[in-house]
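With the hints as extra help, turn the sequences into a complete structure.
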Amino acid sequence: MDEKKLLAALKSGSEEGYRTLVDLYQAKVINICLGYFPIQQDAEDLAQEVFVKLFSSVDKFRGEASLGTWVYRIAVNKCLEMVRYRKRTKRMAFFQSLVGLDGQAMQISSGQFDHPGVALENKERTELLYEHIEKLPEKQRTAFILSRLEGLSYQEICAIMEVSLSSVESLLFRAKQNLKKTLRHYYEKQMI
Amino acid sequence: MAKSRQHIEDEVNKTLASFDQIEPVEGNPFLYTRIQERMRSTPRAQPASAYTAILRLSLAAILLAVNVGGVYSYYKQVQQMEQTQVLDNIASEYGLTYEESDTSF
Chain C
1 MDEKKLLAAL KSGSEEGYRT LVDLYQAKVI NICLGYFPIQ QDAEDLAQEV FVKLFSSVDK
61 FRGEASLGTW VYRIAVNKCL EMVRYRKRTK RMAFFQSLVG LDGQAMQISS GQFDHPGVAL
121 ENKERTELLY EHIEKLPEKQ RTAFILSRLE GLSYQEICAI MEVSLSSVES LLFRAKQNLK
181 KTLRHYYEKQ MI
Chain H
1 MAKSRQHIED EVNKTLASFD QIEPVEGNPF LYTRIQERMR STPRAQPASA YTAILRLSLA
61 AILLAVNVGG VYSYYKQVQQ MEQTQVLDNI ASEYGLTYEE SDTSF
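Quick mapping for you: the protein sequence lines, in order, are chains C and H.
Those letters in the first sequence? Residues 1 to 192, per my numbering, in order.
Those letters in the second sequence? Residues 1 to 105, per my numbering, in order.
No more than 16 Å apart at the CA atoms, straight line, and that leaves these computed lysine to aspartate or glutamate pairs for EDC-like:
(1) Lys176(C) to Asp20(H)
(2) Lys176(C) to Glu131(C)
(3) Lys28(C) to Glu49(C)
(4) Lys53(C) to Glu37(H)
(5) Lys180(C) to Glu131(C)
(6) Lys14(H) to Glu127(C)
(7) Lys181(C) to Glu9(H)
(8) Lys28(C) to Glu23(H)
(9) Lys14(H) to Glu121(C)
(10) Lys28(C) to Glu26(H)
(11) Lys28(C) to Glu150(C)
(12) Lys189(C) to Glu11(H)
(13) Lys180(C) to Glu9(H)
(14) Lys90(C) to Glu134(C)
In case anyone wonders, no lab produced these hints; they're calculated from the structure.
Right, dumping it as structure tokens:
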């Protein structure tokens with residue numbers, strides 16, 4: 001099924017269209033989600049939300065970008081929404097603990113680092129890198145994940161993030177510099 | 001010192017390179033079924049009914065009326081205060097004010 005036919009099928013609400021979209025893009029969406037949340041269960045839950053959002057907003061898709069770009073954009077936006085939600089929830093839990101309320105209802109993640117694509121011998125290093133990626137500003141983090149994890153070209157990243165080529169270059173450069181800086185600081189502390 | 005700095009640089013580079021060794025994950029064959037379940041369990045947003053629209057409009061009208069009333073009564077009060085103040089000023093200028101000291105010889 002080509003893109004136009006798929007889009008028409010999606011807009012008409014056809015089950016076959018939905019299934020084709022999931023088959024075509026589920027791996028990409030799950031990998032993007034894993035880029036933000038390296039826990040398999042969390043990433044799959046988020047991927048489900050991404051597809052629900054895609055199905056419910058397909059009528060608004062005007063076809064200015066390619067279907068793939070649109071899927072990536074919604075996946076990135078959903079991940080960033082979740083990042084912000086978790087930050088808010090952590091803050092709430094902190095304030096609740098300050099005033100003596102029990103923050104047990106604040107279950108925000110299903111567990112520890114569990115990225116299915118990471119080999120056991122690299123687990124420690126990759127987990128450490130993820131901890132530092134989490135500290136990057138949102139745009140730098142997104143550009144870094146799309147470029148290094150998904151292997152997307154600068155042009156594709158421009159289209160997904162809706163920024164200029166020079167902005168993408170600058171975001172990636174700063175992301176690498178910041179990561180190097182914080183990792184250097186971490187290893188210096190370890191040496192002491 | 002130079003040796004330890006080099007060691008740190010090596011560690012930093014190895015850690016950064018670990019991102020390139022992540023294998024892309026294949027999809028989940030049950031994902032579509034789970035999405036369907038989720039879509040069934042999530043109620044779709046209903047368009048606002050006529051009753052809700054009327055209720056919203058009435059509330060907006062009441063709020064507007066309360067605000068207009070508040071502003072009107074405030075200006076009326078200010079106007080009255082200004083009139084009283086002008087009369088007081090004229091009275092004090094012409095010595096027409098009544099003071100307690102005038103009667104206490």
